[in-house]
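Asks: Chain A is already provided as a structure; the job is to place chain B on it using the hints.
These are the residues of each chain, in order.
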Amino acid sequence: MTILGFLIPLALIMGLVGLVGFFWAMKSGQFEDLDGAANRILIDEEEDSDDDAMG
Amino acid sequence: MTDLVAPYPDIATPPEADFVDSRFTVPGMRCAGCIAKVERGLGAISGVETARVNFSAKRVAVHHASTITDDDLIGALRKLGFEAERAADNPLGRDDGEQRRLARALAVAGFGMMNIMLLSVSVWSGADAITRDMFHWISALIAVPVIAYAGRPFFASAAMALRYRRTNMDVPISIGVLLATGMSLYETLTGGLHAYFDGAVMLLFFLLAGRVLDAMMRSRARSGIAALLGRMGKGAQVLNSDGSTRYVAAEELAPNMVMLVAAGESLAADGVIVEGRTRVDSSMLTGESEPRPVLEGETIHAGMINLGDPVRVKVTAAAQDTAIADIARLMDEAGQSRSRYVRIADRASRLYAPAVHSLAALSFLGWWLAGAGVYKALLIAVSVLIITCPCALGLAVPAAQVVASGALMRRGLLIKDGSALERLAEVDQVLFDKTGTLTLGEPRPVDLGVLDPQGRSVALALAQASRHPLSRGLAKALRAAGTEPAVLDGISEEAGRGMQARYQGREVALLRPEFEVGGLAVDLLIDGMRTRLAFSDPLRPDVRETLSDLSGQGVTAAIISGDREASVGAVAEDLKLFATHSMKPAGKLALLERLKGAGHFPLMVGDGLNDGPALAGAHVSLAPGGASDVSQQAADAVFVGERLMPVALALRVARRTMAIVRQNFAMAAIYNVFAVPLAILGHVTPLVAAIAMSGSSLVVVGNSLRLARAAGRANEQA
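Going down the list, the protein sequences come from chains A and B. So that you can map any letter, position 24 of the first sequence is 24 in the numbering used here, and since no number is skipped, the others follow by simple counting. Take any residue in the second sequence, count from 1 to its spot, add 55: that is its number in the numbering used here.
None of these hints come from the bench; they were simulated from the model. Mixed in with the good hints there might be a few duds.
As the list claims (entries may be wrong) - Listed next, with one range per pair, are the computed distances between beta-carbon atoms:
hint: 1; chain 1: A; residue 1: LEU34; chain 2: B; residue 2: SER299; range: 41 to 47 Å
hint: 2; chain 1: A; residue 1: LEU19; chain 2: B; residue 2: ILE546; range: 54 to 60 Å
hint: 3; chain 1: B; residue 1: ARG761; chain 2: A; residue 2: SER28; range: 33 to 39 Å
hint: 4; chain 1: A; residue 1: LEU19; chain 2: B; residue 2: SER299; range: 54 to 60 Å
hint: 5; chain 1: A; residue 1: SER28; chain 2: B; residue 2: THR186; range: 37 to 43 Å
As the list claims (entries may be wrong) - Example chain A residues on the side facing chain B (calculated, C-beta under 10 Å, incomplete):
hint: 6; residue: LEU4
hint: 7; residue: LEU12
hint: 8; residue: LEU19
hint: 9; residue: MET26
hint: 10; residue: LEU34
hint: 11; residue: ASP35
hint: 12; residue: ALA37
hint: 13; residue: ARG40
hint: 14; residue: ASP44
Claimed, not checked - So these bits of chain B aren't anywhere near chain A, every CB distance computed over 12 Å:
hint: 15; residue: VAL103
hint: 16; residue: ALA120
hint: 17; residue: ARG207
hint: 18; residue: THR354
hint: 19; residue: GLU569
hint: 20; residue: GLU600
Positions of the beta carbon are idealized from the N, C-alpha and C atoms, including for glycine.
So that you can see chain A by itself, here it is in the shape it has in the complex (with noise of 0.2 Å):
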């Protein structure tokens, strides 16, 4: 039974890491643009210029 004393302490930190995380995440503007974010992977980096580009 002894295991309980690390076991119940363990699921509790990791339950509080991801709530701490959650809150970290909303803190700092992860979840104001998420559309953008979705689109914002087709980008291509850099090498083009103005006239392709275009959608």
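Replies: Just chain B, lined up with the frame of chain A:
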């Protein structure tokens, strides 16, 4: 880092590099290419430090040297091919904070639920004696802070309701959660068998999920609408005494300032023309679509658009004193009746809460009188409260409404909140404004056939370089016809006259006709050859389909317009609709009040400032995306694009949504019919409560998801 910078302060901060942040709304961004184009295009300007696009809000935030003005940046954006406006300081962003608080509470409740469930499962599977007590203690340690944090939205709302001697959905929820927690704490202290911490936290989790969905729906629609806002005069160039000009925001304009109003700009304050003569588009105020000539000494009002030459206007009334203020007052009064509307969830809880409470009280009394002892009787009363707590009810309404509004948003209709969907479902009459609602509200060329392909591409190249309403309408029509712009040299715009450029060595121009002609027109000149293009304000392309769809749904339609008899009559005859003309804002409102008094549920669709009071006073209202800011704020929903069909679609989907909501209520009731007797007989353990609660919630959410498919089918039919 600081050590390296500190000895060279003049390098780190050169004196002229005073950086400021500006934000612009750019509604035209629709793809990944646009993000790259805007960010790189702005980033390439010297003095611009960073430009960051928020695609969801259709905004760009620019960090730039203060030497660059906002107008320079708007000009740069226009060269990149995007219309932009200064973004007002988040006019509709008030709800953002609420959504964040709810999301945090949901995360905390989720964390607590998972951990407590972990312990509860062990208890249910047979942990006993010391192990069970220890698990109960750990559960209590997790549950009490979690409930205190995650339950706040409910406790606060319940306290508010009780203070005003009313009851809402949150009262039974709060009582249930608090009683269950108190009871479980007592159980834990005395080493009892059953603790309901899992039930209480799970209840909060599911209910918060409903609230978060509701808040998400509102904020999504509002950020969409905020992106559309900002077409009215937000400010003006004001002439200083030394002859220079500066930009002054609308709310800081004061009487006796002299504004320079360029062609295509809208007025930010009422005033008298002190220099120049021009024509103004006053459709925003009167609904009249024909431009009106104005001379020196005449008064013009905020919201009118200058179509002709640049003029100097001396401000006579600004901000709160403009003609708009009267309309705003009417709107305030009209909007109050709507705030009395009781949402379906609260109507349900008015019946539900007393029933649940008396049931719990009766089971306590029953068991107590039967000699079960206060403790056992209270335990059973608590389990009745938990099992009947409106978990499924709390999800029934928001789940259905979120799915429906998501489906509608994909079809170009932004609904501000759930109560709008509920009111839309009751509509039996639709009243349309004419200009800008049944019609596009923008001048379009009557016949492009007078231009050859070369003329078209030259006209498009000239038109897209200007912001004049005629140029914009021409450019849109030509692009829609698949025209590619010609390559021109030396494009220049002479305000009030037109555009000029060189095309393959020849002079080309897009000019205002030299003599006044009936209606709106422009002349295209190529090497001296003059072609006249007449403009009109056409009906939206799918007006007829929409009207027949509406009558198919048993809804009658009519026109209610501030325009003159002749122009309203023509449209009314064309569409075979009953119409009233020359209506003042107060008249429209009075007509709506009469209809409401006669037991009708009118839907008002309008765009102009003059429709504002009617939009606020109608049972429910819609405004097109091109409408004035005031109308978009007053309306319950905004539809974007050139089609009118979203109006019919909105009614159809709203009715379907309410049908689903009623089904959800019925399911929750059926669940109670089975669960409550079990609870009263004392057979409900925490395990049964947990299964019943999550089971009924899943059923309700699943039923609501059917709406996405149903709305999709309605789309295909439409």
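Asks: State for each hint whether it applies.
Replies: Structure-based check of each hint:
Between A/LEU34 and B/SER299 the Cβ separation comes to about 44 Å, which falls inside the hinted range of 41 to 47 Å. Between A/LEU19 and B/ILE546 the beta carbon distance is about 58 Å. The supplied range of 54 to 60 Å therefore holds. Restraint check, B/ARG761 to A/SER28: a C-beta distance of roughly 37 Å satisfies the suggested window 33 to 39 Å. Between A/LEU19 and B/SER299 the CB atoms are about 56 Å apart, so this pair conforms to the stated range of 54 to 60 Å.
Restraint check, A/SER28 to B/THR186: a C-beta distance of roughly 41 Å satisfies the suggested window 37 to 43 Å. Against a cut-off of 10 Å between C-beta atoms, the interface hint on A/LEU4 holds, since the closest Cβ of chain B lies about 8 Å away. With a cut of 10 Å, the hint placing A/LEU12 at the interface with chain B holds, because the nearest CB-to-CB distance is about 6 Å. Here the hint on A/LEU19 is kept, as its CB sits about 5 Å from the closest CB of chain B, short of 10 Å.
For A/MET26, the shortest C-beta to C-beta distance to chain B is roughly 6 Å, which falls under 10 Å, so the interface hint holds. Because the smallest distance between the Cβ of A/LEU34 and any Cβ of chain B comes to about 6 Å, under 10 Å, the interface hint for this residue holds. With its C-beta approaching chain B no nearer than about 5 Å, A/ASP35 sits inside the 10 Å limit, and its interface hint holds. Taken as an interface hint, A/ALA37 checks out: its beta carbon lies about 8 Å from the nearest beta carbon of chain B, inside 10 Å.
The interface hint given for A/ARG40 is met, as the beta carbon of that residue sits about 6 Å from the closest beta carbon of chain B, less than 10 Å. For A/ASP44, the suggested interface contact is upheld, since its CB lies about 8 Å from the closest CB of chain B, less than 10 Å. Every C-beta of chain A lies more than 12 Å from that of B/VAL103, the closest at about 16 Å, which supports listing it as non-interface. No Cβ of chain A comes within 12 Å of the Cβ of B/ALA120; the nearest lies about 23 Å off, and the non-interface call holds.
Taking the minimum C-beta to C-beta distance to chain A, about 16 Å, the non-interface status of B/ARG207 holds against the 12 Å cut. With a cut of 12 Å on Cβ distances, B/THR354 stays outside the contact zone with chain A, its closest approach being about 44 Å. At roughly 37 Å from the closest C-beta of chain A, the C-beta of B/GLU569 stays outside 12 Å, upholding its exclusion from the interface. Every CB of chain A lies more than 12 Å from the CB of B/GLU600, the least distance being 29 Å, so the non-interface label holds.
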